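S.K.: Spelled out, the chains give:
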Amino acid sequence: MQERKVLTELQINDRLLWPVLETASWWWPAVTVAALVLGCGVTAVTIMVTLGEGTTGLNRPIFWGFMIVNFVFWVGISHAGVMISSILRLCQAEWRRPVTRAAEVLTVCSLATAALFPLIHMGRVWRFYWVFPYDFDRMLWPDVRSPLIWDPSAIFTYLTGATMFVFMALLPDLGILRDRTTGWRRTFYAFASLGWRGNPRQFKLQFILGILLSGLILPVFVSVHSIVSWDFAVSLVPAWHATVFAPYFVIGAVHSGVSGVVTMMVVLRAAFKWQDYITPDHFDALGRLLVAVATAWLYFFMLDLLFAIYGGETREVGVMEQRIFQWPWGFFFFLIIVLGYIIPVSAWMFRSVRRNIMWMFAISIMVNVSMWLERLWLIIPGLQNKERLTFDWAVFQPSLIEIMLVFSSFGLVCLGLLMFSKFFPLIPVWEEKEGQLFREEIKIGNRIVPAIVRE
Amino acid sequence: MAEPTTAVKERKWGMVVDIDRCSGCQACVVACQSENNQIISTEDIVQQKRPHVWMRVERYWEGDFPNQKAKFMPVMCQHCENAPCEPVCPVYATYHNAEGLNVQVYNRCVGTRYCANNCPYHARFFNQWERNTDSPWREAFSSAQMIAEPMNDYLNPDVTVRTKGIMEKCTFCIQRIRRVTRTAKDQDRDVKDGEVQPACVQSCPTSALIFGDMRDPSSKVTAKLKDARAFHLLEDLGTKPSVTYLKKIDPNYKPAKGH
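For the record, the sequence lines run as chains A and B.
Each residue of the first sequence is one higher than the last, beginning at 1 in my numbering.
Each residue of the second sequence is one higher than the last, beginning at 1 in my numbering.
This is chain A alone, in the form it adopts within the complex:
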C-alpha cells in the first residue's frame, strides 16, 4: 500500500494542471457529446412543459415514475463524494489526497442534477418557488408537514455545504492557477482565490475550516437521503410506509455513490494520464469499503422484505408478491441481487480484482445499473396498488419522454464534470505537495516502506 513515485513539485504542477492550462484533444468532442445528450433532455422538458404531463407514462394511480426514480438515484450518487472526502480528512488518511476533489465535484454535479428532477416533474414547473417560504407579505406559507418541504430544504443545505467544501479545498489551487495564467483567466482566478498567498496562517485557517466543514457535513449527508426516503416512508402507500427506509436509503446511496466514484476515477485516470496519482491502491481501498457497504445494503434490502412478511399485512404482502414473482419486477429483483451484490462482492473478495482497473470499472457500472433498478423496484410496484380497490389496477409504462430525461441526466452530470476539469484541477495540487512533504522512506528489514511523519 501507498507505494508511489516520488515527484518533484514542478512535476506535480505540470502533471496535474495540464488539463486546465492546455486543452486535451478529446475535450471538445466529449463536451459536444455530453451537450447533445443534455439537449435531448432539454427537448423532452420543453415538450413536457408545453403540452402537459400527458406526454409521460404517468397515469392514475401511478403518479410518480421515472423522474422520481432518477431523482433518488442521483441523490444517491451524490452521497459518496463528500462522505469519502470528509471521513478520510477527519481520519487524516493519507491515501485520500488524489481522490477527494473529484469525488466532491461528483457530489455537487449529481446533486444539482438530482434537484432538477422534482422540479421538472411538477405539473406547474413555473410555480416551483411556492415550496419555499418566501411570501411573507401575504402570509402564504408552505406546509411544513409535507415531506416535499423537508426535501428541498435538505437538498439545498447539502448542495450549499458541498459547494463550500469544494471551494474550501480549492483555494490554494486557485492561488497556483492565478500565478500561472494570463488575461481574463488570471483576473478570474485572482478574484476566486480570495487573496490566497499560501502563508502559514492561511494554510492553518484553511485546515481548520476543512476539519470543521467535514464534521458539519457528515450529519447533513446522513439526513439528506433519510429525508428523501421519508418522501415515501410517511405516505400511506403499501410497501412505501416502512420505518426501515431511512437507513436503507442512506446505505443504498453510499453503495451506488462509492461505485460511482470508482467509475469516475477510472475515467479520470485514463483521460488525464494520472496513473501515478490514482493507483491500484485506491481501487483496492474502495473495493474493501464497498464489500462492507454492499453487505450492509443487502441486510437492509432483506429486512424490507422480512418486515413485509413478518407484519403479514395483506396489502404489503401483495406488493411484495408483485415485486418478487411478477414480470418484470421479479426479473428486476433477480438483477438487483445478482448485479448489486452477488457478482460484485464475490469479485471484490479477490485482491487481484480490486487492483484491476478494468474489472473495477465494469463492476462499478454493474452496481449502479442494479441500484437504479432497485429504486424503480421500490417506487413503482407500491403505486400500482395491487391490493386495494382492485377496479383501479394499472401498469406503469414509461414514455419516450421519460426515457430521454433519464438518459440526458447522465449528459448533464458529465458536462458538469468536464466544465469543472477545464477550469480547476480535479486532483488537489496542494494536497499532493503536502503529502510529499509528510512522506519519508523508512527501511524495515529489506524493504523500503513509505511512512507519514507529522509534527
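Among these hints, one or two may not hold up.
Claimed, not checked - Cβ-to-Cβ under 7 angstroms is the rule here; a few derived chain B residues that face chain A: (1) E58; (2) V88; (3) V91; (4) A116; (5) F141; (6) T160; (7) K164; (8) A230; (9) F231; (10) L234.
Said to hold, decoys possible - Computed list of lysine to any residue pairs in SDA-like fashion (alpha-carbon distance at most 20 angstroms, straight line): (11) B:K49 - A:D392; (12) B:K69 - A:K422; (13) A:K422 - A:S223; (14) A:K422 - A:I12.
In case anyone wonders, no lab produced these hints; they're calculated from the structure.
The structure presented is a predicted model; accordingly, all values stated were derived computationally and were not measured.
Note that CB positions come from ideal geometry on N, CA and C, so glycine has one too.
Using the hints, position chain B against chain A.
M.R.: What follows is chain B alone, placed relative to chain A:
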C-alpha cells in the same frame, strides 16, 4: 340583516351510498362530468386510460357463468376527516374546511401529485394535457382536445375550468352548497335537509345517493349512519371518510343455525 351564523361553523357534509339500490346506470357519472366542467372523455382520452371521473361506478363481477352477478360501487372523493392527501401537499393546496369538506385550491396547486399517490381511494385526477391547443407537436402525442367545440359553450359558469398541471377531484358540488346556503341566509332561515343536492345525488334514479348534514340529528343522512349495513371504504386505514356505504342485501341470506 341576519348574521351569517348557521351557515359555516356547525355543518359537516356527508353522503350515504346505498349499494343495494345502485343499478350501475352511470347517470351520476355523466351528471358529475357536466356539472363540474370535467374534460370530455373522448375516444383518445379513454384509450390513454385518462378519463376524468370524479364520480366513478366500480363494477365487480361475482360468481361464474351462468350465475354471474355484477356489483356496482360508486366511488368519489371520501372527504376524509383524517385525509391522507392533506398533510403531504407542500403548498396547502388541499385542506379541510370548517364544513368538513376536503377542499382543493386550484390556484395554489403546483402539481407535485403527492396527494394523488397518497389517496387510497384514487379519487384524484390530474390535468395531464394543455386544455385546447393547435400546437402541431400535440398531434404526435394525443389528438384530444379537452373540451372541444361546441362543448365549450356548455360549460357551467359556477365552476372554474382547470388548466394543465393541477390536481382536481370531487368537491361535493361545493358551488351548489354555497348557492343553497346563501339563498337560505338571504331568506333568513336554516338550510332544509335535502335542499343541497350535488349533481350525482340529483341525477340518481334509484335514490341510492343521499346527501346532507351529518351534524343535523334529524337529517336522512344521520338516520342512515346508524343502519346495520353501514360501512366505510378501507376503514382500517383510519382515514374517517365522510362517505358512508350501505351493504348490499343478500336475498338468499339465512342466519346461521345454532348458537
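S.K.: If a hint holds in the structure, say so; if it doesn't, say that too.
M.R.: Outcome of the hint check:
A hinted interface residue such as E58 (chain B) counts as satisfied when its beta carbon comes closer than 7 angstroms to some beta carbon of chain A; here the least separation is about 4 angstroms, so the hint holds. About 5 angstroms separates the beta-carbon of V88 (chain B) from the nearest beta-carbon of chain A, less than 7 angstroms, and the hint is met. A hinted interface residue such as V91 (chain B) counts as satisfied when its beta carbon comes closer than 7 angstroms to some beta carbon of chain A; here the least separation is about 5 angstroms, so the hint holds. Evaluation of the A116 (chain B) hint against chain A yields a held restraint, the C-beta minimum of about 5 angstroms falling below 7 angstroms.
With 7 angstroms as the threshold, the beta carbon of F141 (chain B) comes within range of chain A, its nearest partner Cβ sitting at about 5 angstroms, so the hint holds. Look at T160 (chain B): its Cβ only gets to about 15 angstroms from chain A, farther than 7 angstroms, so that hint breaks. With 7 angstroms as the threshold, the beta carbon of K164 (chain B) comes within range of chain A, its nearest partner Cβ sitting at about 4 angstroms, so the hint holds. Given the 7 angstroms rule on beta carbons, the hint for A230 (chain B) is violated: about 19 angstroms separates it from the nearest Cβ of chain A.
For F231 (chain B), the interface hint is violated, the least distance from its beta-carbon to any beta-carbon of chain A being 14 angstroms, above 7 angstroms. Look at L234 (chain B): its Cβ gets to within about 6 angstroms of chain A, closer than 7 angstroms, so that hint holds up. Annotation: proposed proximity of K49 (chain B) to D392 (chain A) holds, straight-line Cα distance about 10 angstroms (limit 20 angstroms). With a C-alpha separation of about 71 angstroms, the suggested pair K69 (chain B) and K422 (chain A) falls outside the 20 angstroms cut-off, and the hint is violated.
Simply put, K422 (chain A) and S223 (chain A) have alpha-carbon atoms about 32 angstroms apart, too far for the 20 angstroms limit, and the pair is violated. For a cut-off of 20 angstroms, the pair hint linking K422 (chain A) to I12 (chain A) stands: about 17 angstroms separates their Cα positions.
Hint compliance for this structure: hints 6, 8, 9, 12 and 13 are broken, all remaining hints hold.
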